[in-house]
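Mapping of the sequence shown onto this note's numbering: position 129 corresponds to residue 129, and the numbering continues sequentially without gaps.
Note that these hints are calculated values from the structure, not bench results.
None of these values were measured; they are calculated from a predicted model.
Every residue, glycine too, gets a C-beta built ideally from N, C-alpha and C.
Errors might be hidden in some of the hints.
[Stated by the list, open to error] The calculated EDC-like cross-link candidates involving lysine to aspartate or glutamate, where the alpha carbons are at most 16 Å apart (straight line), are:
| # | residue 1 | residue 2 |
| --- | --- | --- |
| 1 | Lys-131 | Glu-180 |
| 2 | Lys-131 | Glu-144 |
| 3 | Lys-43 | Asp-33 |
| 4 | Lys-53 | Asp-83 |
| 5 | Lys-131 | Asp-65 |
| 6 | Lys-53 | Glu-104 |
[Said to hold, decoys possible] Taking CB as the label site, the calculated pair distances span:
| # | residue 1 | residue 2 | range |
| --- | --- | --- | --- |
| 7 | Arg-96 | Gly-31 | 16 to 26 Å |
| 8 | Glu-180 | Thr-70 | 48 to 58 Å |
| 9 | Ala-190 | Arg-38 | 17 to 27 Å |
| 10 | Thr-28 | Pro-171 | 41 to 51 Å |
| 11 | Glu-177 | Pro-6 | 19 to 29 Å |
| 12 | Ser-191 | Glu-20 | 42 to 52 Å |
| 13 | Asp-83 | Leu-34 | 43 to 53 Å |
| 14 | Arg-100 | Lys-131 | 36 to 46 Å |
| 15 | Ser-52 | Pro-6 | 11 to 21 Å |
| 16 | Pro-9 | Glu-177 | 36 to 46 Å |
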Amino acid sequence: MEPERPLSPAGRRIVAAAEELFYAHGITAVGVDLIAERSGVTKRTLYNQFGSKDRLVTAYLSARDARWRTLVRAEVEAVRGTDPVAAVTAPFTALRVWSRADAERGCAFINALAELPDPAHPAHRVAAGQKLWLRTLFAELATEAGCRAPAALATRLLVLHEGALATQPLPLATLTETTELARELVSAAAS
């Protein structure tokens, strides 16, 4: 696999347009013509930058994943060492921040997994990798907090987190309840 090269200004515009369109309308519903038009480039420039729609979808999800991980890490570091329960549940705090700007249509990664079911698709791997990373992070944080059965707790927290994220587009306000439930699970496992 060739190393990633930095994106040109046109490449960044293409990814930004692709993110807006893919998230709003779905990956399979959006063609490269519309992305090129919205980003102010030709189709040739789009293909010169990315080579294929699949690689562009992968770039879109990778960029979104990088922003999400940065936010989660910042929330974890803000409480790590001072409040072990808050550190384990920091991804729920991050989700509250994220949801204000980036979750009106639910989870882009869940949406991508639904549209791209082939595990060999590079964008599918990015989306699945994001979920596996979060479960691993929950397990690491639970271990640091001295929680019993950190792997099982991590799976439970992932399921709660994903449920809260999936219901964000609905007028249910589940994030507060889900966060409280996550704190109860972590507190019980840490005592």
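Consistency of the hints with the structure:
With a CA separation close to 21 Å, the supplied pair Lys-131 and Glu-180 exceeds the 16 Å bound. At most 16 Å may separate the alpha-carbon atoms for a hinted pair to count; Lys-131 and Glu-144 exceed this at roughly 20 Å. The suggested pairing of Lys-43 with Asp-33 holds, with an alpha-carbon distance near 6 Å, which does not exceed 16 Å. Distance check on the hinted pair: Lys-53 and Asp-83 sit about 44 Å apart at the alpha-carbon level, beyond 16 Å; violated.
Of the supplied pair hints, the one linking Lys-131 and Asp-65 holds, its CA atoms being roughly 10 Å apart against a limit of 16 Å. Between Lys-53 and Glu-104 the alpha-carbon distance is near 24 Å, which puts this suggested pair outside the 16 Å criterion. Distance hint check: the CB atoms of Arg-96 and Gly-31 are about 34 Å apart, inconsistent with the given range 16 to 26 Å. Checked against the hint of 48 to 58 Å, the C-beta distance between Glu-180 and Thr-70 comes to roughly 26 Å, which is inconsistent with it.
Checked against the hint of 17 to 27 Å, the pair Ala-190 and Arg-38 fails, with Cβ atoms roughly 48 Å apart. One distance hint, 41 to 51 Å for the beta-carbon pair Thr-28 and Pro-171, is violated here, with the actual separation near 27 Å. About 42 Å separates the C-beta atoms of Glu-177 and Pro-6, a value inconsistent with the hinted range of 19 to 29 Å. A hinted range of 42 to 52 Å holds for the C-beta pair Ser-191 and Glu-20, which are about 45 Å apart.
At about 46 Å, the beta-carbon gap between Asp-83 and Leu-34 stays in the expected band of 43 to 53 Å. Between Arg-100 and Lys-131 the CB atoms are about 22 Å apart, so this pair departs from the stated range of 36 to 46 Å. Checked against the given bound of 11 to 21 Å, the beta carbons of Ser-52 and Pro-6, roughly 19 Å apart, stay inside it. The beta-carbon spacing between Pro-9 and Glu-177, approximately 43 Å, falls within the hinted interval of 36 to 46 Å.
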